[in-house]
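Asks: So the chains spell out like this:
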Amino acid sequence: MTAGRRRARVRRGIEFLWMTAPAVIAILLFVEVPFLMSVMYSFTKWNGLDKAAKFIGLANYKELLATDPAFGSAMIFTLVFTVLTVITINVIALLLAVILDMKIRGKNVLRAAFYVPNIISLIVIGYVWRFIFSRGFDSLGSLTRMGIFQLSWLGDTHLVFFSVVLVSVWQSIGFYMVIYIAGLQTVPRELLEASVIDGTSPVGRFFRITLPLIMPSVTVAVFYSLSNALKTFDVIFSLTFGGPGTATTSIALDIYKTAFSDNRFGYGTAKSVVLFLLILVVTVTQLNTFKRREVQA
Amino acid sequence: MRRPRGAPAISLLMAVLALVYIYPLILVAINSLKTFAQIMENVMAFPFQLRWENFANAFTLMRYPNLFLNTLVVTCMGTAGVVLLASTAGFKLSRTRTRVSWFVFLLCVAPMMIPFHSFMIALVKVAKTMHLTNSIWGLGVVYWGLGVPLSLFMYHGFAKTVPAELDDCAAIDGARPLRAFFQVIFPLLQPVTVSVIVINAMWMWNDFLLPLLILGGAKKSQTLQLAAYNFFGLYKIEWQNAMAGVLLTITPAIVFYLILQRHIIKGMVAGAVKG
Amino acid sequence: MKRYLLAAAFIVLCAALVAGQGKTLKVFWYSPELTDQYNDMAKAYQAETGNTLDITVNQPDYRTLMSAKINSGDIPDVFMSSAYSDNVTYKDYVYDLTDADFMKQLEPSALAGVTVNGRITGYPFLVQSHSFIYNKKIFADAGIKTLPRTLGEYEAVAKKLQARGIQPFATGYKEWWVLPQTAWQVLAPAAGAYGGFAGMVDKLNSGALTFKNIKGMSTVFDVLDLIKKYGGPKPMESDFNDQCSLLATGKAAIIHQGNWAEDTIRKTTPDIDIGYLRGAVAGTANEAGIMYDSNQTIRVYKDGQVELALSWLKWLTTSEYGKAWVPDKIKQMSPIKGSKSPAAQLAQATAAMLAAKVPSYPWFYQMFPAGTEQGLGIIIQGYCAGQTNRQQALDALDAAYTKIVNASK
Chain F
7 MTAGRRRARV
17 RRGIEFLWMT
27 APAVIAILLF
37 VEVPFLMSVM
47 YSFTKWNGLD
57 KAAKFIGLAN
67 YKELLATDPA
77 FGSAMIFTLV
87 FTVLTVITIN
97 VIALLLAVIL
107 DMKIRGKNVL
117 RAAFYVPNII
127 SLIVIGYVWR
137 FIFSRGFDSL
147 GSLTRMGIFQ
157 LSWLGDTHLV
167 FFSVVLVSVW
177 QSIGFYMVIY
187 IAGLQTVPRE
197 LLEASVIDGT
207 SPVGRFFRIT
217 LPLIMPSVTV
227 AVFYSLSNAL
237 KTFDVIFSLT
247 FGGPGTATTS
257 IALDIYKTAF
267 SDNRFGYGTA
277 KSVVLFLLIL
287 VVTVTQLNTF
297 KRREVQA
Chain Z
57 MRRPRGAPAI
67 SLLMAVLALV
77 YIYPLILVAI
87 NSLKTFAQIM
97 ENVMAFPFQL
107 RWENFANAFT
117 LMRYPNLFLN
127 TLVVTCMGTA
137 GVVLLASTAG
147 FKLSRTRTRV
157 SWFVFLLCVA
167 PMMIPFHSFM
177 IALVKVAKTM
187 HLTNSIWGLG
197 VVYWGLGVPL
207 SLFMYHGFAK
217 TVPAELDDCA
227 AIDGARPLRA
237 FFQVIFPLLQ
247 PVTVSVIVIN
257 AMWMWNDFLL
267 PLLILGGAKK
277 SQTLQLAAYN
287 FFGLYKIEWQ
297 NAMAGVLLTI
307 TPAIVFYLIL
317 QRHIIKGMVA
327 GAVKG
Chain B
34 MKRYLLAAAF
44 IVLCAALVAG
54 QGKTLKVFWY
64 SPELTDQYND
74 MAKAYQAETG
84 NTLDITVNQP
94 DYRTLMSAKI
104 NSGDIPDVFM
114 SSAYSDNVTY
124 KDYVYDLTDA
134 DFMKQLEPSA
144 LAGVTVNGRI
154 TGYPFLVQSH
164 SFIYNKKIFA
174 DAGIKTLPRT
184 LGEYEAVAKK
194 LQARGIQPFA
204 TGYKEWWVLP
214 QTAWQVLAPA
224 AGAYGGFAGM
234 VDKLNSGALT
244 FKNIKGMSTV
254 FDVLDLIKKY
264 GGPKPMESDF
274 NDQCSLLATG
284 KAAIIHQGNW
294 AEDTIRKTTP
304 DIDIGYLRGA
314 VAGTANEAGI
324 MYDSNQTIRV
334 YKDGQVELAL
344 SWLKWLTTSE
354 YGKAWVPDKI
364 KQMSPIKGSK
374 SPAAQLAQAT
384 AAMLAAKVPS
394 YPWFYQMFPA
404 GTEQGLGIII
414 QGYCAGQTNR
424 QQALDALDAA
434 YTKIVNASK
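The listed protein sequences correspond, in order, to chains F, Z and B.
Each residue of the first sequence is one higher than the last, beginning at 7 in the working numbering.
Each residue of the second sequence is one higher than the last, beginning at 57 in the working numbering.
Each residue of the third sequence is one higher than the last, beginning at 34 in the working numbering.
By construction, these hints were calculated from the structure, which means they are not laboratory data.
Ideal Cβ positions, reconstructed from N, Cα and C, are used throughout, including at glycine.
Take the hints with a grain of salt, since some may be wrong.
In silico DSS-like cross-links for lysine-lysine, where the CA-CA straight-line distance does not exceed 30 Å [said to hold, decoys possible]:
no., chain 1, residue 1, chain 2, residue 2
1, Z, K181, F, K57
2, Z, K275, B, K236
3, Z, K276, B, K245
4, B, K236, F, K60
5, F, K60, B, K124
6, Z, K184, B, K364
7, F, K51, B, K56
8, F, K51, Z, K216
9, Z, K216, F, K57
10, Z, K275, B, K335
11, Z, K181, B, K364
12, Z, K275, B, K356
13, F, K68, Z, K181
14, F, K60, Z, K276
15, B, K56, B, K356
16, Z, K276, F, K113
17, Z, K275, F, K60
18, B, K390, B, K178
19, B, K245, Z, K181
20, Z, K275, F, K51
21, F, K68, B, K390
Restraint-style ranges between C-beta atoms, simulated for each label pair [said to hold, decoys possible]:
no., chain 1, residue 1, chain 2, residue 2, range
22, Z, F115, F, R17, 51 to 57 Å
23, Z, A63, B, P303, 31 to 37 Å
24, F, V97, Z, F124, 48 to 54 Å
25, Z, G62, F, M152, 29 to 35 Å
26, Z, P121, B, D125, 25 to 31 Å
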């Protein structure tokens with residue numbers, strides 16, 4: 007290698023370093039180091055308050071894998087919930103983004119309307135939706151006489167799953183719509199106009215031109231919605247608190263209850279390590295698959 | 057782009073859907089104008105008299121002007137930091153196609169896989185050691201670490217829409233790399249930047265748990281969301297103030313969002329390639 | 034230049050004077066519905082002593098925040114918790130109040146819950162009661178003259194109310210914490226067979242006794258079933274607000290709650306007439322009673338500003354304002370000896386019932402190991418929702434209880 011090329015490589019290396027270092031440092035410091043610190047506790051018996059934690063090796067993990075039916079059902083709930091919400095959210099958000107990207111009147115206000123649920127505090131969402139499901143549906147039921155409103159959408163252990171999915175999706179769509187709208191801006195106008203001239207149908211245009219070009223946003227959105235769904239906590243916490251009983255307890259809620267109300271912080275942390283590994287496997291797989299489909303401009 | 061056929065019909069349909077969609081928010085608005093007793097009686101009823109005093113009460117109880125400023129500082133600091141850190145790192149990682157780069161990329165997006173509750177206590181410890189707790193500036197700094205992963209991911213993906221030739225153009229022009237990036241590349245990432253700003257600003261403005269942990273719930277340094285939260289107790293909820301408080305908190309956010317939305321401009325990249 | 038230096042020195046001097054003039058106690062409490070009363074008390078304290086109370090209030094995330102504060106070394110000088118099993122939760126941080134002289138001004142019954150091995154670990158804040166609250170007017174209108182005391186009598190009353198188109202109960206079953214207070218009351222007289230409350234809890238802890246074997250658990254389930262049966266069309270969706278609003282607006286006749294609910298109820302309907310029913314128990318009609326205890330406890334951090342905290346507590350217990358604070362401002366019952374009864378209907382009903390020798394039981398379920406309250410409550414909620422049958426629920430209660438006992442060893 008010539009000296010010039012070596013210098014260029016060194017220069018590129020240094021550039022890489024200072025351009026990425028600040029972000030990496032911030033992430034390490036505020037997320038990954040704390041997480042590793044917490045992982046230490048997963049090998050202890052600790053209530054989160056005592057000054058001393060008792061080291062117990064892998065006992066927490068053994069208990070988790072062998073004798074914790076609650077964690078098992080939380081896992082099943084979370085996986086089913088994830089599949090349902092990720093598909094629903096991404097399909098609807100993309101559809102909305104496409105529609106609200108067209109030249110129609112009032113699209114800014116419309117975008118805001120669909121986005122707002124994402125910024126209302128979860129506590130309020132919980133209360134308002136609880137109200138809608140019980141009293142609101144009661145009124146709708148007596149008005150329309152439709153049996154669907156007389157069912158107990160938050161009280162029945164089978165129906166409550168769908169209520170939680172509904173509110174989750176309702177609350178998130180606006181967010182992913184923003185990501186997809188950003189992606190749609192990067193589709194070069196000429197390509198689209200050329201295809202119109204070619205006589206391609208709008209649907210064909212979408213699948214052959216738009217979708218491949220916005221794969222980066224699809225990757226981000228699916229990745230994020232996937233990990234969020236696996237981590238789902240806030241909506242369930244405020245809507246049902248995992249109830250009735252444990253009907254809607256997700257893994258993250260189970261972890262929270264274990265750590266902060268059962269007073270088993272060490273055990274709770276072991277559960278979060280397992281959750282992290284689950285998310286890691288699922289999302290890295292997704293990432294690798296999707297990244298391959300991204301197209302360079 | 058021509059207006060699609062049937063645009064007015066689509067507009068109307070979407071408007072109706074949007075109204076149904078934000079019905080819960082409409083409920084909040086209706087109830088912010090009722091008295092406590094009226095709310096307990098029937099949440100869905102329209103108020104007879106509009107009780108604007110709920111807003112006045114919430115405004116004073118929340119110490120709105122002070123906390124508005126606090127929340128603004130946190131949000132601006134946090135968002136600016138995230139945009140800066142995420143854009144530079146995300147872009148560079150995307151352009152560098154090495155195994156090291158891919159590994160660093162994974163390291164940067166890994167936080168998105170970690171449930172917040174599992175490390176939040178340790179985070180408070182770290183923040184305390186760095187003297188970032190009980191301070192709104194400190195809170196802004198902590199947000200950098202939490203907000204960068206998603207934003208970096210977005211910049212990483214969108215970097216592909218900026219043709220590689222431009223990197224070399226900027227370099228050839230003799231500009232220093234930092235300048236080259238911010239003057240040439242960054243403007244082209246505008247749609248992403250706007251979205252990143254929207255996502256982070258909205259999140260930080262309305263966030264609750266992290267401010268609670270870092271600021272410790274102390275009265276003197278609070279954010280709007282924390283103050284609004286004070287209306288919700290276990291045994292008694294000051295509904296009328298709570299609803300008013302919620303609206304007071306999210307209105308600036310909505311306004312900000314509407315303003316930003318106008319800045320998403322289509323097809324900037326195409327122009328840059330031609331020019 | 035000299036002018037600026039002088040001005041700066043003057044400011045520093047003033048600041049020093051002001052700062053030296055009063056110390057600040059860091060307080061972290063829950064019950065945000067009492068925030069106004071907390072602030073009022075802080076103002077009065079400052080006026081009398083010049084010291085400030087910096088009170089932070091939070092409920093839903095209290096435990097999480099305490100964890101964060103303790104782990105980052107930011108521990109408040111004064112905090113709050115339940116009594117009984119929570120006495121040991123914060124064992125590394127709590128100051129022993131046994132030798133503080135003002136503690137003698139508190140009722141022994143209130144101190145019982147915070148005493149461990151003869152040492153007093155906290156300061157009882159409120160004395161509260163809970164049982165079935167009923168709307169007197171609805172009962173009168175329905176012609177119900179004898180108040181129910183047994184399961185059968187409750188069922189009869191419920192049938193009568195239902196026939197008149199009134200929802201007999203607002204269950205509150207959506208809240209996990211309503212289930213324990215409703216369920217465990219039924220078991221109160223049954224403890225006698227196991228050596229009293231402490232004895233029963235000891236036996237449960239050692240495994241000598243299980244929920245499966247406790248005589249009376251079937252009555253617990255019976256009562257829960259009854260409330261659900263007559264609890265309206267969507268019993269599992271009823272939360273605290275639902276209970277209060279339905280009772281206040283006359284749409285439901287009975288709720289299981291405590292005197293803390295009166296404020297919310299009365300804010301909706303100021304002139305409502307409410308009282309307590311003696312809760313049905315696994316025992317005779319005469320054993321039906323109410324639950325009465327001091328559970329909410331103020332605790333002092335042993336490595337904080339202890340002197341200041343003690344002097345404040347002394348003021349709270351002995352000053353005119355302090356003694357009147359709980360009955361007059363908070364309108365609940367005070368643990369201080371000789372304190373008057375607050376102008377609150379349920380508190381007065383409690384006093385009247387105590388005077389009439391109606392059985393009043395301590396909140397013995399707080400003696401279950403720290404961390405079980407929510408877990409057991411959720412299992413009971415699962416039973417009510419039909420997730421489990423009685424046998425499965427009992428098994429789950431035992432499994433959860435054992436796990437926590439083992440975890441705390």
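Asks: The structure should be examined with respect to each hint, and the outcome stated for every one.
Replies: For each hint, the structure was consulted:
no.: 1; hint: Z:K181 with F:K57; in the structure: holds (14 Å)
no.: 2; hint: Z:K275 with B:K236; in the structure: violated (45 Å)
no.: 3; hint: Z:K276 with B:K245; in the structure: violated (51 Å)
no.: 4; hint: B:K236 with F:K60; in the structure: holds (26 Å)
no.: 5; hint: F:K60 with B:K124; in the structure: holds (16 Å)
no.: 6; hint: Z:K184 with B:K364; in the structure: violated (39 Å)
no.: 7; hint: F:K51 with B:K56; in the structure: violated (38 Å)
no.: 8; hint: F:K51 with Z:K216; in the structure: violated (48 Å)
no.: 9; hint: Z:K216 with F:K57; in the structure: violated (51 Å)
no.: 10; hint: Z:K275 with B:K335; in the structure: holds (24 Å)
no.: 11; hint: Z:K181 with B:K364; in the structure: violated (39 Å)
no.: 12; hint: Z:K275 with B:K356; in the structure: holds (27 Å)
no.: 13; hint: F:K68 with Z:K181; in the structure: holds (29 Å)
no.: 14; hint: F:K60 with Z:K276; in the structure: violated (37 Å)
no.: 15; hint: B:K56 with B:K356; in the structure: holds (23 Å)
no.: 16; hint: Z:K276 with F:K113; in the structure: violated (40 Å)
no.: 17; hint: Z:K275 with F:K60; in the structure: violated (36 Å)
no.: 18; hint: B:K390 with B:K178; in the structure: holds (21 Å)
no.: 19; hint: B:K245 with Z:K181; in the structure: violated (43 Å)
no.: 20; hint: Z:K275 with F:K51; in the structure: violated (34 Å)
no.: 21; hint: F:K68 with B:K390; in the structure: violated (53 Å)
no.: 22; hint: Z:F115 with F:R17: 51 to 57 Å; in the structure: holds (56 Å)
no.: 23; hint: Z:A63 with B:P303: 31 to 37 Å; in the structure: violated (55 Å)
no.: 24; hint: F:V97 with Z:F124: 48 to 54 Å; in the structure: violated (38 Å)
no.: 25; hint: Z:G62 with F:M152: 29 to 35 Å; in the structure: holds (31 Å)
no.: 26; hint: Z:P121 with B:D125: 25 to 31 Å; in the structure: violated (42 Å)
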